[in-house]
Structure formats: structure tokens, C-alpha cells
Amino acid sequence: MSQVIKIKQGLDIHLKGKAEQVVSCVIPDYFALHPTDFIGLMPRLRVQEGDQVKVGTPLFCDKRDERIRFTAPVSGTVSEIRRGAKRQLQAIVIQSDKQNAALPFEVGELTKEGITQSLLEIGLWPMIRQRPYSTVARPDDTPQAFFISAFDSSPLAPDMDFLAEHFPDSLQKGLEVLNILSDGKLHLCVHAEKTQSEVLLKAKNVVIHQFSGPHPSGNVGTQINKICPINKGDIVWYCGLPEIINIGHFFLTGQLDFGRIYAVAGSGLLHPHYIQTKLGASVSALVKNNLKDDHQRIVSGNVLTGKAVTENGFIGYYHNVLSVIPEGDQRHELIGWIWPGFKKFSMSRTFPSGFIPNALQPDFELDTNYHGEERAYVMTGEFEKVFPFDIYPLQLIKACLVGDIDLMENLGIYEVDPEDFALCEFVDTSKTDIQAIIFEALEKLRKEAEG
Amino acid sequence: MIKKLRHFVDKTKPNFTEGGKYAWLQSTFEAFESFLFVPDETTKRGCHVRDAIDLKRTMITVVIALMPALLFGIWNIGYQHFKAVAECATFWQIIGFGLLKALPVIVVSYITGLAIEFAFAQIRHHQVNEGYLVTGMLIPMVLPPDIPLWMVAVATAFAVLIGKEAFGGTGMNLVNPALTARAFLFFAYPSVMSGDKVWIADQPDAFSGATPLGILANGGTNLPDAWTMIWGGIPGSMGETSVIAITLGAILLLMTGIASWRIMLSVIFGGGLMGLLFNAIGANEYMQLPFYYHYLMGGFMFGAVFMATDPVTAAQTNTGKWIYGLLIGIFAVMLRVLNSAYAEGMMLSILLMNCFAPLIDHCVIARNIKKRQKRAIVQQKTFAR
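For the record, the sequence lines run as chains A and B.
Position 25 of the first sequence, counted from 1, bears residue number 25 in the working numbering, the numbering being contiguous throughout.
Position 65 of the second sequence, counted from 1, bears residue number 65 in the working numbering, the numbering being contiguous throughout.
What the hints contain is simulated information worked out from the structure, not anything from laboratory work.
Values in this document were obtained by computation on a predicted structure and should not be read as measured data.
Check each hint, because a few of them may be wrong.
Calculated cross-link-like contacts (lysine-lysine; reagent style DSSO-like; alpha-carbon spacing at most 30 angstroms) [said to hold, decoys possible]:
id	chain 1	residue 1	chain 2	residue 2
1	A	Lys344	B	Lys13
2	A	Lys385	A	Lys444
3	B	Lys3	A	Lys343
Looking from chain B toward chain A, a few residues come up when the C-beta cut is under 10 angstroms (computed) [as the list claims (entries may be wrong)]:
id	residue
4	Arg6
5	Val38
6	Cys47
7	Thr61
8	Gly169
9	Ser260
10	Val312
11	Ala314
12	Lys321
13	Ala376
14	Gln379
For each residue, glycine too, the CB sits at the ideal point set by N, CA and C.
Given only the sequences and the hints, what does the whole structure look like? Please build it.
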């Protein structure tokens, strides 16, 4: 095994309410797929309200490449097609018949073309994404490398070891398939101390890299940057572990199944634990009888990068955790800037928590309070403490704000993704929305590249 | 009590929002409200949780760090006065005299500066930035105790208007506003900012109240002993004389991580380096002065701890900070020793490097860009093979 790549800059945010390693089975009545989960997708709807669907029935496809299909994760009836402003397609809701009947598909040849063909046909292809831009991979591209992060270092993240141990065979098969798909350029990144599962450590058909250090060491963007940094024009593909398990399961059994184990975690829950269900399950079913009270923020994904959802929403396509934390709008603290703040969490040492070494910190109960108001950039050097790239973060952010494309490219915009800036946004004294700034800049570049 | 106060704020708030009677004072109201109560705003997009720190906390930490130097300065104004007039005074008489001299300057600085800040925030429909909390305290601390109050007001107005608001306000300014105020007075009214008559309040004419730097610039050698200069019982600007009090502030700034240790360390290192170099040349008595004397005299330590570390006007990259600090130290000592017209080199040195900080950053970043372009070419070649 290769040597350990140490991530020195970063921050582990220890939140109360980590998921207990107990799995309960939940089959909600409703599931949904959101075309808005896929960056840059122009969806073409393939079903109507009232249509009967089976697992694998295409719900919509990509207008620009109709081979890329998005298929139903469960069987049942299309009960609702949600649209937003300008009739934007937001969600296709399926009422499950709880049969989980799948369309019959044949497992193709285990060649690059055969695998691509099969994945496109059954609708598992969108699980593979590319950098830069984090869009769904294009089947005709040849990526420089294919990356898989086998641990999640974000707050309240599901334990990937735990998921891997549940489906060892599917996972190994998935790796084998992706190895063929990537011409042998498959990289699996594990954590030097936290990854314990033999399934991952002894995985075959992959190059294994060891990482150590705090979040964002588990972000695939960090890993790509350390092993095979992206230059202008390069493409790297990546995929998450739960997605690989889905892919492997199909090639192993010939049965299409969108089974998922989600972590449902956070201090806003009575019993944070794992739930086995299918992709796109409804939030209300996942948090049923489990919320501490009504005044909680439910986030599909982790609390740094996820999307806020309501109880009649659904968990996102690429998300593995449903985080529930208290809303922080009900307190008016008198001259709060002066008190020591023993219960508050901060990277800076202006609060007591800043003095405790990151690894030894107790779990904090953070809410959604802003802890201040937006200001001009004043402090310097704080982003550098949580940003492990060889990039000047503040300068790149400013280049994005002024929209100078040449400067953005020079400063390394292609190497980053909004989620890589999540910690910068968290620690920012000036409370700016850095992820949105980076996202908009990347979108501008993407649209320019696509013409 | 707290609830009543909150209730009062909530009741008056509608008057100050759009459509209200005093809508033109919205920014002002919001500034006071958020000063009183932490806003109950929640995250809308991006990270759902945020770090507990904000700019108020940051700025208040700096103000607290200034307190030892300020309190000592107040005492020292009284102490120097009674020493000059050769009268005995109790501790409280000394403090009382110091307060009488210092408080009006502080009040004038804050009122003038904040009035302009609030007006600009109002015109721009921005929220009021907290930056002036620190600047307003720094300005009195770098001025002589006997400064006429109208000059304080004019200098503050100049610093805030030309030094800061003209560039876009807090976070955008090129040079340190507090030093801009001092430089303005230094060049516009040199008679109240230099010489041996201005550093002691209500000084009798016959008494020479020259600062150590003033003595040296005039070719004198009878400096106070090192220990006196360390604890600070010497004439000088209000905040700059006591190395011990400034060090206390520095400890707080470094402990909380608010100020850059890179800058502080490299300024001190740069000053020492230049001092040693002059020692090696040794062409005159000023050059032969032990290098560490430069730390004890004038505003060197105050500048290194509170002025050079201003994050807005300093270099922003970590490598840049080392270069920036080093050059400040070098130029400060060089100006002191080689140019007797400007006895205090620290102020001009920092202002000079403030102007060069963007260039330093530009060079540091250019290296990063070059590295990236080189990597792209290398990878392309290996890929093509």
C-alpha cells in the first residue's frame, strides 16, 4: 500500500447525535427523483401522472444525450409531477406499491462498452459524476482517472465501513466493474486510522491510497487534488460507495435494486440511527416519530453542503445522510459578542472551544444561527487553515466575485468544487456565502465550455 | 430586564424599517440593535451551521488587547506632567490628570469617526462595519497628549474619508486609517507632532521633554536607561511607551489568533536584523546603539503589534506576510538611523509597506500560478506519451 497522504489543514466538526449503528427497515409510501439534483441537466420527461412504473422504468432523460436515463427506484404509480417557477421540473413522485418489481434487464458483457451500455440502460449511469463541475459523466469521455472516497469526514456522516460490511460482495463486484470501465485507473481512498473494514482495505482491482487528517480529507475533491490534480481540459470521474454497491449488486445478481442505507442523524432527533430503504425516500417516513419537536432544520446531506428540505420533501440523489439540527432563530442574546461562550463552537481561539485540540473536542449541539451578519472581508489567513489545496482561497473567491475567468483559471478553479469551500464558509468571520460564489463561477465556466 | 429591553427594541423597530418614520436611520438602528443583541438570523443557503465568531467579536478582542497600553498611557500622561513640573502627586491625582487629557481625545476620535461611518453606511444602505471600534481607539493612542481637539477631529475625518471610505469602506482600504490620521497631522501640523515640547502635557517651557528618538535624532546620547524604556516611564504618544503593556496586548492577540504571528515576529526580526547590520557598520553613535534599543524606543512595538498586523492593509498571503513584516522592520530602523528629519521611522515604514502589500501578494500568487501552468504542461506531455 502506498504511503499515507497527510491532510494538515481542515476541521472536524463534532456534532451531537451521531447515528447509532442500528439499522431499521422502512418502506415509505412515496419516493421521488429530483432533476434539480443534477447540475446542468435539461430533463425530458418520459412519464405522466398516473403511469404505472417498475424499478428501472425511465422517468426522464437528458435532452442533450438521451442515452442518459433516470429510472424509477421503486415500482408503483407516478402520483405527482412537481414543477416550480417557469414550469421547471422539480420532482417526480412515485407512490410505491411495495412490490419492488423490476424490469428484466440482461447483464451485458464485462467490457468497457458493455458496462457503459448496461449502466445507461438501467439508469445507474447518473451515479457516476465528473470533475470539474460535478455534472453527470458523459459516456463518450475518457477520464484521466476514476476516484472513490471510501470514507466520509463531514459532520454526522454515515460510517462507510458500516455500509461496506453490509454488502461486501456487491461492493467488490462494483469495484471490478468500474475498474474495467476506467481502463484500470480506479483509485480507492481510505482513511489511515478510521477505515477498518477488510472489505475496503483488501479490495481488489483498485489502487488504494491512504489519507489521514481532519475533514475535508474525505472529500473526493481533496483526494483528486493530492493524487492527480485537474488541469484545464482534464476530466476525472468519481462515484460514492453506496452507488457502487448498487452497480455491483446489478452485475452480481442481474437484479436492479436501488437499495440504500441512510444515516438519519443530528441533535434534533430522539434516536439517530441508520435506515434501510430505497433511493429517494420521503423525509416524513425517515423522521417519523423521531423528531424532538417541530422547530428543526432537516437537511438532505450533511450540514455543511446539504439542502434544506421540508417534511414533505425527499432525500437527494447523491445524499447518504439526513441531518436534523435545531433552528437557531429563537434567541436574542444580550451583547453576545463579549461572553466567553463555553457552549459555542469556533475554530478561532476567541472562544474556549478553539483551545481544545480538534481530535479531543466534545460533541457540540450547533443550531442554524448565523452568529453575526455579513461583512466585507477583513480577516486573512483563516481560510488557509481549513483548505488543504495548493490554491489561494481568498484570492480565488475574489476572482470569482469579479468574474475574471482568466484569473479564476490561473488560480485553479477547475480543481475545486463548492463542497471543498464548505469549511471556508463555516469559519468565515465575514459570513459570506462562499459555496454559492464558487458554484456560480463554475456554472459560468461550464456554460461557456458547453457553448 | 433583558426581556423588557428586547420588547422595547421590537416595538421601536418598525419606525426604522422601510416605510417607517425614521427609515433614513435604518443602518444606525440596526448597528445599535445588533450591538445590543446577537441577531437571530439563521442560515439560508450553503452551510447550515456557522462558526460562532463574527467581526464584532474579532474587533472587541483587539480593543481589549489595547487596554493595558491605554491604561498605562493614561497614567503616564499624569506621571510625565507631574515629573516635568516637579510636583508631588498621589496615584489618583496622576490618573485624574491623565484621564482629563486622554478622554476628550478618545471621545472626539470616536464621535467624529463613527459619525462619518454611520453616514456612509446610511448613504450606501450598508450595515455599519465594526472596523472603526479599533481605529477609533488607535488614533488617540498614537497622538501626543497635548494635541488640540479640533486637530484630532480634522485628522480623524481625513483618515476615515480619504483613507477608508474613498476606497469603499472597511476591508477595502489601502493604508491603515489610524496611521493615516497620524501622518496627516505629522505633515500638516509638524509643530504639534514633533520636537521636545509636545510629548508631555502642560509642559513648562524650560523643561526638555524629548522622546528617546528625539534625543538621538539631535545627536544626543543621554538616553533613559533600558529598564525605564521597557516599563514605559518616558515621554511619547499615549499608547506607545510601555513595552510591557504592549506585550500584554500582544499575548492576547496571539493567544486568540486574531493578529498574525507571522507579521509580528517578522517585523521584530527585520528591525533586529537592520539594527545588527548598523552595529556592524558602526559609522556613528546612533549606528552603534545596541540593536534591541530600537524595540524599546518610540512606536516600534506598538506598530509591530497593533498597526502592522491590521489584516486589511497587510499582505494577505502567508508567505507575503513574512516579507511584508520583515521589510517594515528593516525600513523602520533604517529611517530612524539614516534620516534624522523623521525621528520616528515606524509610521512611515508601515504606511510604505501598506502600499506595497498588494504587490508582494501579487508576486507570491504569480508563483503559484506559474507552478500550476508548469504542472499542466508536464501532465500533458506524460499523457501524450
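Comparing the hints with the structure gives:
1. Lys344/A x Lys13/B: Answer holds: Lys344/A to Lys13/B is near 28 angstroms, not above 30 angstroms.
2. Lys385/A x Lys444/A: holds (28 angstroms)
3. Lys3/B x Lys343/A: holds (22 angstroms)
4. Arg6: holds (5 angstroms)
5. Val38: This interface hint holds because 3 angstroms falls under the 10 angstroms limit.
6. Cys47: holds (5 angstroms)
7. Thr61: holds (5 angstroms)
8. Gly169: Since chain A brings a Cβ to about 7 angstroms from Gly169/B, closer than 10 angstroms, the hint holds.
9. Ser260: Hint on Ser260/B: holds, closest Cβ of chain A at ~6 angstroms, below 10 angstroms.
10. Val312: Cβ of Val312/B sits 6 angstroms from chain A, so the hint holds.
11. Ala314: Check passed: Cβ of Ala314/B comes within 7 angstroms of chain A, closer than 10 angstroms.
12. Lys321: Given a least distance of 8 angstroms, the restraint on Lys321/B holds.
13. Ala376: holds (4 angstroms)
14. Gln379: holds (6 angstroms)
In summary, the structure agrees with every hint in the numbered list given earlier.
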